[in-house]
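Here the protein sequences line up with chains A and B, keeping their order. Number 474 marks the last residue of the first sequence (the numbering used here); no jumps. Number 474 marks the last residue of the second sequence (the numbering used here); no jumps.
Keep in mind that a hint or two might mislead.
Far from chain B by the CB rule (all over 10 Å, computed), these chain A residues [what the hints assert, rightly or not]:
1) Ala46
2) Asp224
3) Arg454
Quick list of simulated restraints, FRET-style, between CB atoms [to be verified]:
4) A/Pro70 with B/Glu339: 49 to 57 Å
5) A/Ala471 with B/Glu406: 57 to 65 Å
6) A/Thr347 with B/Pro86: 17 to 25 Å
Computed list of lysine to aspartate or glutamate pairs in DMTMM-like fashion (alpha-carbon distance at most 20 Å, straight line) [stated by the list, open to error]:
7) A/Lys416 with A/Glu366
8) B/Lys81 with B/Glu91
9) A/Lys25 with A/Glu71
10) B/Lys157 with A/Asp430
11) B/Lys304 with A/Asp250
12) A/Lys304 with B/Asp250
13) A/Lys40 with A/Glu56
14) B/Lys25 with B/Asp58
15) B/Lys237 with B/Glu266
16) A/Lys416 with A/Glu343
17) A/Lys157 with B/Asp430
18) A/Lys239 with A/Glu204
These are computed hints drawn from the structure, not numbers from a lab. Please read all numbers here as calculations on a predicted model, not as lab measurements. Here a beta-carbon is modelled for each residue, glycine too, at the ideal position from N, C-alpha and C.
The lines below spell out each chain.
Number of protein chains: 2
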Amino acid sequence: MSANQVDLGTFFNPGSVAVVGVSRKIGAFGGALFLREYRKSGFRGALYPIHPEADEIDGLRAYPNLSSLPEVPELVILAVKAKLVPSVLEECARVGAHHIHIFASGFSEIGTRKGAELERRITAIARQNGLLVIGPNCMGPYCPSSGLTAWGAVPGKPGPVGVISQSGGLTQRLTEYLYSLGIGTEKAVSMGNAAVLDGPDYLEFMAEDDRIRTIAMYLESAGDGRRLLHLAREVGKKKPIVIWKGGESDVGARTVASHTGSMAGERRLWDALFRQTGAVQARSMNDWADALLALGLLPAPRGKGVFLIGGGGGSSVANGDTCVHHGLEVPRLSEPTMERLRETVPTAGSIAGNPLDEWRIFDDPEYLLEILGLAYADPEVSMVIVDRMVPRAAFHMSGDASLTQEVVDFVTRNRKPTVFTIDCDGGDADLTARGTALRAEICRAGIPAYPSLRRAAWALSQLQSYHAHRAALG
Amino acid sequence: MSANQVDLGTFFNPGSVAVVGVSRKIGAFGGALFLREYRKSGFRGALYPIHPEADEIDGLRAYPNLSSLPEVPELVILAVKAKLVPSVLEECARVGAHHIHIFASGFSEIGTRKGAELERRITAIARQNGLLVIGPNCMGPYCPSSGLTAWGAVPGKPGPVGVISQSGGLTQRLTEYLYSLGIGTEKAVSMGNAAVLDGPDYLEFMAEDDRIRTIAMYLESAGDGRRLLHLAREVGKKKPIVIWKGGESDVGARTVASHTGSMAGERRLWDALFRQTGAVQARSMNDWADALLALGLLPAPRGKGVFLIGGGGGSSVANGDTCVHHGLEVPRLSEPTMERLRETVPTAGSIAGNPLDEWRIFDDPEYLLEILGLAYADPEVSMVIVDRMVPRAAFHMSGDASLTQEVVDFVTRNRKPTVFTIDCDGGDADLTARGTALRAEICRAGIPAYPSLRRAAWALSQLQSYHAHRAALG
Numbered sequence: 001m002s003a004n005q006v007d008l009g010t011f012f013n014p015g016s017v018a019v020v021g022v023s024r025k026i027g028a029f030g031g032a033l034f035l036r037e038y039r040k041s042g043f044r045g046a047l048y049p050i051h052p053e054a055d056e057i058d059g060l061r062a063y064p065n066l067s068s069l070p071e072v073p074e075l076v077i078l079a080v081k082a083k084l085v086p087s088v089l090e091e092c093a094r095v096g097a098h099h100i101h102i103f104a105s106g107f108s109e110i111g112t113r114k115g116a117e118l119e120r121r122i123t124a125i126a127r128q129n130g131l132l133v134i135g136p137n138c139m140g141p142y143c144p145s146s147g148l149t150a151w152g153a154v155p156g157k158p159g160p161v162g163v164i165s166q167s168g169g170l171t172q173r174l175t176e177y178l179y180s181l182g183i184g185t186e187k188a189v190s191m192g193n194a195a196v197l198d199g200p201d202y203l204e205f206m207a208e209d210d211r212i213r214t215i216a217m218y219l220e221s222a223g224d225g226r227r228l229l230h231l232a233r234e235v236g237k238k239k240p241i242v243i244w245k246g247g248e249s250d251v252g253a254r255t256v257a258s259h260t261g262s263m264a265g266e267r268r269l270w271d272a273l274f275r276q277t278g279a280v281q282a283r284s285m286n287d288w289a290d291a292l293l294a295l296g297l298l299p300a301p302r303g304k305g306v307f308l309i310g311g312g313g314g315s316s317v318a319n320g321d322t323c324v325h326h327g328l329e330v331p332r333l334s335e336p337t338m339e340r341l342r343e344t345v346p347t348a349g350s351i352a353g354n355p356l357d358e359w360r361i362f363d364d365p366e367y368l369l370e371i372l373g374l375a376y377a378d379p380e381v382s383m384v385i386v387d388r389m390v391p392r393a394a395f396h397m398s399g400d401a402s403l404t405q406e407v408v409d410f411v412t413r414n415r416k417p418t419v420f421t422i423d424c425d426g427g428d429a430d431l432t433a434r435g436t437a438l439r440a441e442i443c444r445a446g447i448p449a450y451p452s453l454r455r456a457a458w459a460l461s462q463l464q465s466y467h468a469h470r471a472a473l474g
Numbered sequence: 001m002s003a004n005q006v007d008l009g010t011f012f013n014p015g016s017v018a019v020v021g022v023s024r025k026i027g028a029f030g031g032a033l034f035l036r037e038y039r040k041s042g043f044r045g046a047l048y049p050i051h052p053e054a055d056e057i058d059g060l061r062a063y064p065n066l067s068s069l070p071e072v073p074e075l076v077i078l079a080v081k082a083k084l085v086p087s088v089l090e091e092c093a094r095v096g097a098h099h100i101h102i103f104a105s106g107f108s109e110i111g112t113r114k115g116a117e118l119e120r121r122i123t124a125i126a127r128q129n130g131l132l133v134i135g136p137n138c139m140g141p142y143c144p145s146s147g148l149t150a151w152g153a154v155p156g157k158p159g160p161v162g163v164i165s166q167s168g169g170l171t172q173r174l175t176e177y178l179y180s181l182g183i184g185t186e187k188a189v190s191m192g193n194a195a196v197l198d199g200p201d202y203l204e205f206m207a208e209d210d211r212i213r214t215i216a217m218y219l220e221s222a223g224d225g226r227r228l229l230h231l232a233r234e235v236g237k238k239k240p241i242v243i244w245k246g247g248e249s250d251v252g253a254r255t256v257a258s259h260t261g262s263m264a265g266e267r268r269l270w271d272a273l274f275r276q277t278g279a280v281q282a283r284s285m286n287d288w289a290d291a292l293l294a295l296g297l298l299p300a301p302r303g304k305g306v307f308l309i310g311g312g313g314g315s316s317v318a319n320g321d322t323c324v325h326h327g328l329e330v331p332r333l334s335e336p337t338m339e340r341l342r343e344t345v346p347t348a349g350s351i352a353g354n355p356l357d358e359w360r361i362f363d364d365p366e367y368l369l370e371i372l373g374l375a376y377a378d379p380e381v382s383m384v385i386v387d388r389m390v391p392r393a394a395f396h397m398s399g400d401a402s403l404t405q406e407v408v409d410f411v412t413r414n415r416k417p418t419v420f421t422i423d424c425d426g427g428d429a430d431l432t433a434r435g436t437a438l439r440a441e442i443c444r445a446g447i448p449a450y451p452s453l454r455r456a457a458w459a460l461s462q463l464q465s466y467h468a469h470r471a472a473l474g
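With the rest of the complex left out, here is chain A (with noise of 0.2 Å):
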């Protein structure tokens, strides 16, 4: 463990959290938010508000500042306005506190050169004074092992995730999507303009963090980019890295300068690592969710000949199209499972091949757990794409669709990638919570399941990547 790793650990795990900047109304957004939150989600350290006058705040006493609590502060968050951040830091340095979270904004990203000189007096003094800090302008860290979740409306649950990330929004946005789908993170840390630390800073803390087993990750600017390349093709061997590059385009970029008075540039860079390291590429929430899912849960498929198990002819058409079109293959099966598909298949109104069109996969389980067993067996089959309808009036299908416990079972035992899709996408609310239900129960049981082909087909093509460059590098 690294010097880097005892030092960045302490923002997740403080035996005590110093808050300057809380009004002595609670409720506010502001300082006051972290102490409630912390408080809710069952942070056992020390929680002191820093405030001038005020004896008590919100049952917590409070001091005049940093100087009179009776111990040194693990973590000193600042909520105070931009132009009083460069004293409150000068005081934590005086009185020996090294973990700073600067949530006030009003820095490099409004614009203005008062901004960008006071983002650089805090950098200047945090070099001086060797204080390890995170921000300005964000959210700070979150650990729901440690009851360190400033966003307390979604449970925290601690998993397998990591995430690093320069927009607060965004990554409670992730832990929220990926809590409902059964998955906790173990730790993340929005950083906004990152003038100190940077996102290989957290990188490299979080690739020598066995509990986290994927990495993801929103960044505006690269921080030192040569770094950020060397670190993603180290990690990467390791644990996959989900990147999501805000401000791809010029207008991306203009954005990006507002909100975290970043440099979005290097574009150079950019193609440089996700062509080099493997990492994959996410430009939405849903890439992000959906590839942590796929990279998070499956194995390594040994190619790219996908078996797409449905119903229904035109969509095993389109299925069939939309996996070609994300560089996955659909390859003729093996003799063997033809010849047993052509025993069990009806010649009329299905198809006996690749795509297998075939409705009895919707309602007979064990006709599925049948064709999931010859899937498995066929050395033409890399990856297998279950595609599972909601039951409806419509198609004249009642009941349950519910995997039986043998399907998970076997699945999850069975070493080739598996995924469903549910179709939960359309205009019919009812329709869409019974599959959103749907997709949700089957992620919980460690199965990726998609609301859609295409995102399913992506996926899959990611973790083929993903692994493809990894067993290249050896």
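Chain B: place on chain A using the hints.
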């Protein structure tokens, strides 16, 4: 109105329907389905089950053959075994029935020489006797205003869409999808193998139907390719056509052969078609519905410039990137607009510009109305996307996200294409259901709403391309 108009029109509003091949036991899939569903959906003409022995089927008087009917049936549905189809077709010719829907399958799609031979025979019989034949291997005509709907579980609703499709399943799912968004279907035809009447025949027919304003096609083969190309160009000048070409890939083409027995090939034809005619290319059910929403509900945009109205810094960056990725522009706003934005948008935590990042638009309808007013007055803005989240505890949002009547009126009465996005793609069944319900509510008010920025951007880029193409043709 051409002869073709009169002739094909009967399929969608026949005075009487005879079904050949009905089992005594109603409830089975087969000919009985049509009798049951047409009665359920309010078909007012005579229904004649044809059965060699039965006197009555499900309360309807049955007849032993077509010649024993009290009248010449205006539509005959053939649900007999494939090998019996030629002789029943000849019987149709003898009694003078000209409109035939062959539901039966077992022709070229089964891939045997016998199947192909049978299909050639029905084509020959139809040609010799001047029979108009839909099919074989399909669900036939659909017309809610005539009570002619074979998938009665989803209520038929007349509306501005026409559908021409080689997949019954996809046709059914599209009508279901559009219905849930408040959009009805005037006429649809599931044409299966299209052995006699083909895509261009139906396209020519629907082009002249004034109740149809947009046409959706799912085609596995072009039919008469030159004629399709010519018609798509001509019809496209009057109404938008959204074509989903099944079998684009080699895999899809292989499946097409087993689905409708078609040759999917002719890649050059399809390339030319999408390049030269302004037809929109869909590649999934979502594409299909998304394009129909935009092209059906929105006026022509003047240019490619989109104003992105939303909240959240990371989202704003990503939304800008996504629009550019789809060929749209996100222009800088004109000075009067910026002046007003700078007056109303706080400096910290928000971004005054395009994209606009200002959470107030979520819960202050009067402010949203003011921003829309600025957008419609700004010459840089051709289209508007309002990114709207479902209220959620995680973002300390509460209340109702429904649009006020003032916002609906303002958007629908003004002439800049405007769409909403509703975040309802996640894994939380409740959020998804509320998001989908909100989305449907906005669509029903006449404003397209999409579950993701990506889909909104794609739909607007198709809207822009279609109208630019149409304008260039003069």
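To see whether the hints hold, each was checked on the structure:
{"no.": "1", "hint": "Ala46", "result": "holds (26 Å)"}
{"no.": "2", "hint": "Asp224", "result": "holds (21 Å)"}
{"no.": "3", "hint": "Arg454", "result": "violated (6 Å)"}
{"no.": "4", "hint": "A/Pro70 with B/Glu339: 49 to 57 Å", "result": "holds (52 Å)"}
{"no.": "5", "hint": "A/Ala471 with B/Glu406: 57 to 65 Å", "result": "holds (59 Å)"}
{"no.": "6", "hint": "A/Thr347 with B/Pro86: 17 to 25 Å", "result": "holds (19 Å)"}
{"no.": "7", "hint": "A/Lys416 with A/Glu366", "result": "holds (19 Å)"}
{"no.": "8", "hint": "B/Lys81 with B/Glu91", "result": "holds (15 Å)"}
{"no.": "9", "hint": "A/Lys25 with A/Glu71", "result": "violated (25 Å)"}
{"no.": "10", "hint": "B/Lys157 with A/Asp430", "result": "holds (19 Å)"}
{"no.": "11", "hint": "B/Lys304 with A/Asp250", "result": "holds (15 Å)"}
{"no.": "12", "hint": "A/Lys304 with B/Asp250", "result": "holds (15 Å)"}
{"no.": "13", "hint": "A/Lys40 with A/Glu56", "result": "holds (18 Å)"}
{"no.": "14", "hint": "B/Lys25 with B/Asp58", "result": "holds (8 Å)"}
{"no.": "15", "hint": "B/Lys237 with B/Glu266", "result": "violated (24 Å)"}
{"no.": "16", "hint": "A/Lys416 with A/Glu343", "result": "violated (24 Å)"}
{"no.": "17", "hint": "A/Lys157 with B/Asp430", "result": "holds (19 Å)"}
{"no.": "18", "hint": "A/Lys239 with A/Glu204", "result": "holds (12 Å)"}
Hints 3, 9, 15 and 16, counting from the list given before, are not met by this structure.
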